[in-house]
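Trainee: Each chain, written out:
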Amino acid sequence: MLLSYAGYIAVAAAAISAALVAGRNKMDWFGVVVLASVTALGGGTVRDVFLGHFPLAWVANPALLIICLGAAFATIALARFMPKLHYPFLVLDAFGLVVFTVIGCEVASSMGQTAIIVVVSGMVSGIVGGVLRDMLVNEVPLVFSSELYATVAIVAGTLYTLGIGFGWPEDWVALGTIIIGFALRLLAIAFRLEMPKFIYDKDIR
Amino acid sequence: MLLSYAGYIAVAAAAISAALVAGRNKMDWFGVVVLASVTALGGGTVRDVFLGHFPLAWVANPALLIICLGAAFATIALARFMPKLHYPFLVLDAFGLVVFTVIGCEVASSMGQTAIIVVVSGMVSGIVGGVLRDMLVNEVPLVFSSELYATVAIVAGTLYTLGIGFGWPEDWVALGTIIIGFALRLLAIAFRLEMPKFIYDKDIR
Amino acid sequence: MLLSYAGYIAVAAAAISAALVAGRNKMDWFGVVVLASVTALGGGTVRDVFLGHFPLAWVANPALLIICLGAAFATIALARFMPKLHYPFLVLDAFGLVVFTVIGCEVASSMGQTAIIVVVSGMVSGIVGGVLRDMLVNEVPLVFSSELYATVAIVAGTLYTLGIGFGWPEDWVALGTIIIGFALRLLAIAFRLEMPKFIYDKDIR
Numbered sequence: 014m015l016l017s018y019a020g021y022i023a024v025a026a027a028a029i030s031a032a033l034v035a036g037r038n039k040m041d042w043f044g045v046v047v048l049a050s051v052t053a054l055g056g057g058t059v060r061d062v063f064l065g066h067f068p069l070a071w072v073a074n075p076a077l078l079i080i081c082l083g084a085a086f087a088t089i090a091l092a093r094f095m096p097k098l099h100y101p102f103l104v105l106d107a108f109g110l111v112v113f114t115v116i117g118c119e120v121a122s123s124m125g126q127t128a129i130i131v132v133v134s135g136m137v138s139g140i141v142g143g144v145l146r147d148m149l150v151n152e153v154p155l156v157f158s159s160e161l162y163a164t165v166a167i168v169a170g171t172l173y174t175l176g177i178g179f180g181w182p183e184d185w186v187a188l189g190t191i192i193i194g195f196a197l198r199l200l201a202i203a204f205r206l207e208m209p210k211f212i213y214d215k216d217i218r
Numbered sequence: 014m015l016l017s018y019a020g021y022i023a024v025a026a027a028a029i030s031a032a033l034v035a036g037r038n039k040m041d042w043f044g045v046v047v048l049a050s051v052t053a054l055g056g057g058t059v060r061d062v063f064l065g066h067f068p069l070a071w072v073a074n075p076a077l078l079i080i081c082l083g084a085a086f087a088t089i090a091l092a093r094f095m096p097k098l099h100y101p102f103l104v105l106d107a108f109g110l111v112v113f114t115v116i117g118c119e120v121a122s123s124m125g126q127t128a129i130i131v132v133v134s135g136m137v138s139g140i141v142g143g144v145l146r147d148m149l150v151n152e153v154p155l156v157f158s159s160e161l162y163a164t165v166a167i168v169a170g171t172l173y174t175l176g177i178g179f180g181w182p183e184d185w186v187a188l189g190t191i192i193i194g195f196a197l198r199l200l201a202i203a204f205r206l207e208m209p210k211f212i213y214d215k216d217i218r
Numbered sequence: 014m015l016l017s018y019a020g021y022i023a024v025a026a027a028a029i030s031a032a033l034v035a036g037r038n039k040m041d042w043f044g045v046v047v048l049a050s051v052t053a054l055g056g057g058t059v060r061d062v063f064l065g066h067f068p069l070a071w072v073a074n075p076a077l078l079i080i081c082l083g084a085a086f087a088t089i090a091l092a093r094f095m096p097k098l099h100y101p102f103l104v105l106d107a108f109g110l111v112v113f114t115v116i117g118c119e120v121a122s123s124m125g126q127t128a129i130i131v132v133v134s135g136m137v138s139g140i141v142g143g144v145l146r147d148m149l150v151n152e153v154p155l156v157f158s159s160e161l162y163a164t165v166a167i168v169a170g171t172l173y174t175l176g177i178g179f180g181w182p183e184d185w186v187a188l189g190t191i192i193i194g195f196a197l198r199l200l201a202i203a204f205r206l207e208m209p210k211f212i213y214d215k216d217i218r
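Protein chains in written order, with my numbering: chain A, 14 to 218; chain B, 14 to 218; chain C, 14 to 218.
Heads up, a few of these hints could be off.
All copies of an identical chain are treated as equivalent in the list; a pair is satisfied when it fits inside any one copy or across any two copies.
Unchecked claim - In silico EDC-like links for lysine to aspartate or glutamate, alpha-carbon gap of 20 Å or less:
| no. | residue 1 | residue 2 |
| --- | --- | --- |
| 1 | Lys39 | Glu160 |
| 2 | Lys39 | Glu152 |
| 3 | Lys210 | Glu160 |
| 4 | Lys210 | Glu183 |
Source of the hints: derived by calculation from the structure; they are not laboratory data.
If you're wondering where the values come from, they're calculated on a predicted model, not measured in any experiment.
Full structure from sequences and hints, please.
Mentor: The structure is reproduced here in structure tokens:
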């Protein structure tokens, strides 16, 4: 229940974050709507295809497309009145990352998938939309930039899977996971927490 | 019936348009066949996966693959005898856009999807093949260039959906939609009809 | 049976080849694991989605994910002790190409698909993982470089399909196909065997 409301808000947040990126790339209105929809619904779409979970979320519930459309045009109309959007952009993106991760875990879990697939499903659900957004405008995806990003999805997915495994109430597990994951991503940005790198400099091609 | 013949012609047209692009990029014969197949069948493939509509069109009917193969090698053999191909390329591409859109609407409609999904299915079906073609050779997709393109698919999809909703005969609705959509795309090219742009110049990353 | 063991080895080989590419691109540990998994499992995933063959191999058998994870971290730990890796990289890649092709044919064949779809399934299974690896790090995919690559997959797929069609024992057909295909790819690299190119230099856009 909680998760379903949080999902609508996360779709709107992801669509707005994408519309801002579209505007910075001077896309036309159609491009803004497409980028908003791909970003907000792409993670869930890839997850559902991987799991063979048909119909897709937005096919079963086209209201999700309407939300993307509305968020895109609201951003077009209101962006000029807003201050510098560096931090709002990162916060919207972080919110989508965490909520989509929890929804992805919930979908796989309700299909009776194994724990590892539940966590992978959450990760795909959480990060793929943002990766597609960044690839479509030729930016280096946030997921490959230095701060923890996918790791946040993996941690959140693991916490959610453990919580459900302990038999705790789903709404509380979802809420707790969202709060912890969101805080972790913001801390990662603030303190530049990074994963170690693998550097291999011999020629292989 | 009409739609099924138009579909074969559109597959050949899209494969030829893609083979010309492949030749301009000096691809080897294998690359020509792959680019032709991805362009001609990619939109329908993504549409069918989104709708959970298995088997895919070309898996159920491998003749579609043979058409792509034949069109690719015919283009390799005959391209040298042809004049400058700027306009033929745009006309072939426009024909594929409109016919694939109508086929995409028909598939979703016959599955009993809602009107919004029927239109989105047509749009995906119509534009994704050309987008993949342009991305694979690192050109800016026609869909993101300035003239109306996806808008043509949306208008055509809406007209088709309305016509079927009014209970008009399917063949006539399909034929009318193809003619109107094709004319609209050619007018958009001729008169440089464009969607308005969203330009947002504050820094967000 | 043989094919199932060869499959695990090919997954590890593909994951190692990808981890080396990741290291050369200075990716963090998460990126290494993702690139290894996408390379090793991407071809089979796209094949299964095209065939509507759910659940996907790695969803049904998450041990495949664990192999990718293990291969990625083993490469991180051991790469510094290894000599120049140009040829090992190409050999690992060739092994994955041929084994994945045969597995792809086997999957389509066991679904009762037509011969042309069996060969296409093998080709998709064989080449898509490597294409995704190269695209994600912005290198020109091996499949589009000059030596025979996809052609090897098509030849191997055709041999396998013929062998099964003749009613020969599956293990022997698989083993023979893997040996011939692997030899063909290495010969193509050694002697720079190429497909002819289609060069078309009139302006089309």
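Trainee: Please go over all the hints and tell whether each is borne out by the structure.
Mentor: Status of each hint after checking the structure:
1. Lys39 with Glu160: Classified as between; 15 Å across copies, 27 Å inside a copy.
2. Lys39 with Glu152: both (14 Å within a copy, 17 Å between copies)
3. Lys210 with Glu160: Within. Shortest intra-copy distance 12 Å satisfies the 20 Å Cα cut-off; inter-copy 33 Å does not.
4. Lys210 with Glu183: For Lys210 and Glu183, the Cα distance exceeds 20 Å both inside one copy (36 Å) and across copies (43 Å).
Hint 4 from the earlier list is the only one contradicted by this structure; the remaining hints agree with it.
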